[in-house]
Amino acid sequence: MAAGAVGKKEGGLPRWTGYLIKPIFLGLACLALYLWVGTLELDSIEQRTLNAENITARFIEHLQIAGYASAAVVVLAVTAGVLLTRPFARHVEPYLVNVANIGQGVPSIGVLALLAIFYGLGFYPTLAALVAYSFLPVLRNTMVGLRQVDRFVIESARGMGMTKTAVLFRIELPLAVPIMLAGIRTALVITIGTATLATFIGAGGLGALIETGITLNRTPVLIVGAALTAVLALFIDWLAGVAEDVLRPKGLQ
Amino acid sequence: MTENGSVSNSASESMIRLENLTKTFPAQDEPAVEELSMEIPEGEIVVLVGPSGCGKTTTMKMINRIIEPTSGRIFLEGEDVTKGNPDKLRRRIGYVIQQIGLFPHKTIADNIATVPKMLGWDKERISKRVEELLETVGMDVSYRERFPKELSGGQRQRIGVARAMAADPPVLLMDEPFGAIDPITRDRLQNEFLRLQQEIKKTIIFVTHDIDEAIKMGDRIAILRQKSVIAQYDTPERILTDPADDFVEDFVGSGASIKRLSLSQVRDIETTDWPVTNLSDGPDAARAKLQDSGREHVLLLDKRRHPKRWVSRDDLEAGKDLEKAGWPAVAVVEDSSSLYYTLDTMITSYKGAAIVVDDDGAYLGVVDFDTVLEAINTMRPPEGERLQDAEEEEVTP
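Protein chains in written order, with this note's numbering: chain A, 1 to 253; chain B, 254 to 650.
If we strip away everything but chain B, and leave its shape as in the complex, we get (with noise of 0.2 Å):
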């Protein structure tokens, strides 16, 4: 900082800066990361991602200097970290491999408060700051004096994030972070990540060699082919509509259609106007509300305006109990939800529309496939042309 602090104004915006960073391991001819140069902008997850063995792993075990980079320069905040204790640099920085490694001997407090013991907190800052986290990745503060062999594979995770956060690092990196939890924990945990991480605002690296977690996780993701030479380095958006070259297409491989649907939430289409009434107010509200809509059905609310059944006409016409008649207002997504998702939960429950409700469960509007079909038609026009014009072109002759 104090060498360029001129510089530091226009680098305020890249947390971290490569330049012409190299690694050639011993014994070994060619590189394992040849002169690689980028800039990792303040608070945005960067995700690197690449085939087995193209040097993303290396990359970032570079920026921490648990591999010592060859030649190039690292910068931090615009203060250049290629020299200098490694050890001061690491308290700087959060690191989470997919290992986790917590100390098996050590109680969960003890693990969480690595670094803020080494940084010489006082004990009741580091007992505040250990509950504080505890909080933060979800998970009941009894958990203190247990030790890790009693926690499983997900709450391990979880307590690796709050290590590595434990001293309010700015940046972040995770090697692989949800690669050896089972699918459905992993696709909670991510969830659960990228809600953290909306409060929290980190730069984060995060190394994954999955392309489907990073254009979930990344706000802008580096495909890495041999020797860790970028292909692309753009935002999901446009490395699944506008891949840079074969070698981009090939690793994002079928379905980026598909995969576009879960980078857009529910909250970002317009949902459907629908006619909804509450369970109390009687069946006579539900007709009335029925007949001005045109609809079929009604969805009635309880008082928590929390979606309870679906009616139609023909239920309300026989009389029956609001309570017991329709069906249970099932496929219900919150806002935050992802496209992708809300499509499979109508498919899934064999339902044509989704109920979106906010955090609490209550009521904000539906979605049905017309309106999930019109988001993605207006999402993408350049696709959209490029097809238009291919049938047309075989339409012709």
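Chain A with its partners taken away, still in its complex shape (with noise of 0.2 Å):
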């Protein structure tokens, strides 16, 4: 295997086509469940749940809630990590990543059916939850990746004459990137996972499918939410890890 890989270093083939082997594997993944699916008797609620049109729909629901919670998470999250890292947020800091704590040690079934509750059911009660539990990591990634930027490398900058604002954008998140990529690929990650609980309020998503499977013994629809929840989320991982490697500013390993 490792002479292989070495073997085609050497073959001269670009470097990217080591990217290639996830999503190959994922694919085979998809095509081995559908094939196994063919194989099987379906009766008439099975039928109804395995066919293209629903699964697509529930893929379709499930990508945007995670995707509509990624984004708000991403601004959310890394805002508030730049703006508690200035230095006039030094008294609140503490406290307030305590309450991005409290947003990911509550279970997420309980912060969604809290929401629930106050908010009633359906896609924005599902969002906040979502958002709530996948902060921290973000938060806590843009706050580190922040700090640990040289600062000697911030004082040459600021003695140059550059502005606080030149500072943050030129410097600072440059430099923080690799290490908020990293926060917010684990971010994506729970986001995937989390969001088939949104089913329980009314959200729909893959969940949908495994919550069927669960309470109509219909064990192919559970084994396809869940299998296919799982391909998801392996491929923006590995989405995620494709980025972090193009993002990262040359010159920093």
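Any given hint could be a false lead.
What the hints assert, rightly or not - Below are the EDC-like pairs computed for lysine to aspartate or glutamate, each with C-alpha atoms no more than 20 Å apart in a straight line:
{"#": "1", "chain 1": "B", "residue 1": "K341", "chain 2": "A", "residue 2": "E155"}
{"#": "2", "chain 1": "B", "residue 1": "K359", "chain 2": "A", "residue 2": "D245"}
{"#": "3", "chain 1": "B", "residue 1": "K480", "chain 2": "B", "residue 2": "E272"}
{"#": "4", "chain 1": "B", "residue 1": "K359", "chain 2": "A", "residue 2": "E155"}
{"#": "5", "chain 1": "A", "residue 1": "K164", "chain 2": "B", "residue 2": "E321"}
{"#": "6", "chain 1": "B", "residue 1": "K512", "chain 2": "B", "residue 2": "D440"}
To be verified - Label-pair distances were calculated between CB atoms; the ranges are:
{"#": "7", "chain 1": "B", "residue 1": "E403", "chain 2": "A", "residue 2": "D245", "range": "18 to 28 Å"}
{"#": "8", "chain 1": "B", "residue 1": "G407", "chain 2": "A", "residue 2": "K250", "range": "48 to 58 Å"}
{"#": "9", "chain 1": "A", "residue 1": "V246", "chain 2": "B", "residue 2": "D340", "range": "31 to 41 Å"}
{"#": "10", "chain 1": "A", "residue 1": "V242", "chain 2": "B", "residue 2": "D282", "range": "49 to 59 Å"}
{"#": "11", "chain 1": "B", "residue 1": "K336", "chain 2": "A", "residue 2": "V97", "range": "33 to 43 Å"}
{"#": "12", "chain 1": "A", "residue 1": "I24", "chain 2": "B", "residue 2": "P279", "range": "57 to 67 Å"}
{"#": "13", "chain 1": "A", "residue 1": "K250", "chain 2": "B", "residue 2": "D282", "range": "47 to 57 Å"}
Simulated from the structure, these hints should not be mistaken for laboratory data.
Beta carbons are placed, not taken as given, at the ideal position from N, Cα and C, and that holds for glycine.
Put the two chains together into one complex; each comes in its own frame, and the hints tell you how they fit.
Listed below in structure tokens is the structure:
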């Protein structure tokens, strides 16, 4: 295996070929799942859930919930991370980070249930719960990423007459990108997984398949829902990994 | 400038003037810098030196307001810059720190171009300037597209200096710029920087805790005690020969006389006349020269007048090939070398003399121990007399 990898490199294959392995594997997994379902004799309930139309609809719902939640988390948590690392936030920072800790500390189904009680069922409570749940990794990594920037790099930038805003956008954030992206990657995977719970407060998603499978005791439906969620999570993780490599500033490792 | 344009004429001599500068850090009773006033003349290297914690770095950082003074005023080129936009002020002042702080995610060219970009120079002008600066600090233009992590410590330091000079500011602040570099590279960078300064004639505030570096680099030295109180602000010569008080004397430490040698260059003292001849002129010419001079050895030069070999009378008598006779010309120093270095070269090469050459390596003359000793004696009559007096007193009873 190792020798094969080395041989490939020496053979002159471009570096990006390494990136193809995981998506090919995920594609094969989907194909296997499809072929396996095809061998089964489906009853009426299974036929109603395991058809292209239904699965696509659930899949899109899932992506929407997770996508909006992730976008909101990135915007909110990165902003919060930047603000909390500014000197004026020195005194409030520990308290606010604790609040974010609570968001992740409480079990996600609990957050979901609480939000549903207060705000009713549907899309927005789900979104809020997912944001609360995946906020911390992004916030924490943004703060760590900004804090690990060499203070002498910042001092020399300020000493040359760069404004604070210029230092933030041209020096601190670019240098924090690798660590921030690692946090965002974690948050994305958490969100895809947790979004399966959306079905319990009526927002659909791939969780609906899992729930149907459990409550009506239809194992194939359960397996398809679970497998698709896993494939999606792994695929998003792969995408984020590629982004980490592409967006890491040149000059850093 | 507008407000005190009339003053500017008389103040044109001093590039920077500090007036009763005081800094008290929050939650501290004692000020770190107390009522400091000093003038920094244009085109000179002024070294702030003192024990750690004396406030020298704080003082320097108040000049570009990285640290805002609690009270007092700062004048740059006659203009009061204590208030007003600090970012704009800093673009007029080059800044080099010990850790250098190059931007790791930017290329060398982008690093150097930082201030010119902020000042809105066009691309072509920036690109030209970057090339010019790389040359100035003795680095190949091919380094433009490299990243800082690919450079050695000494190279990073050069880029740090190039970056600080990018927009040609009249003033440079340097905080222990050579502090984190190995001694050999440091010595070379110091020499290069001094040579560079002869061309650029910037006003430079240089902070160090190393008195030897201060003596070497400074046109003037301010020795600071606690709270940045000036113990003595004077030329290196005066500080070494005439310390203001015990504190300065202690700080300068032992070996003040030896340290003085690093202040004079070989070109300042008279070289001894020595018989020289061209290798190509043959042994007869060499013999004739030797005869006239009454010396024991003749120095042979090549066509470019580079010193090649020392040859003695006996070697010439023996009729050896001139290319191989005698011994190679070692202990060669450039005329810009310090007497300290010259003496050191003589001692390490076990020769009683050093050959002085110009920048191109062409022969200028020879200095021996006696010449150096003589130079030392003429340099410092006050202490010579004192020494003699003391000896006489001891002898009389």
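Taking the numbered hints from earlier one at a time, note which ones the structure violates and give those numbers from smallest to largest. Hint 8 is the one this structure does not satisfy, whereas the remaining hints hold.
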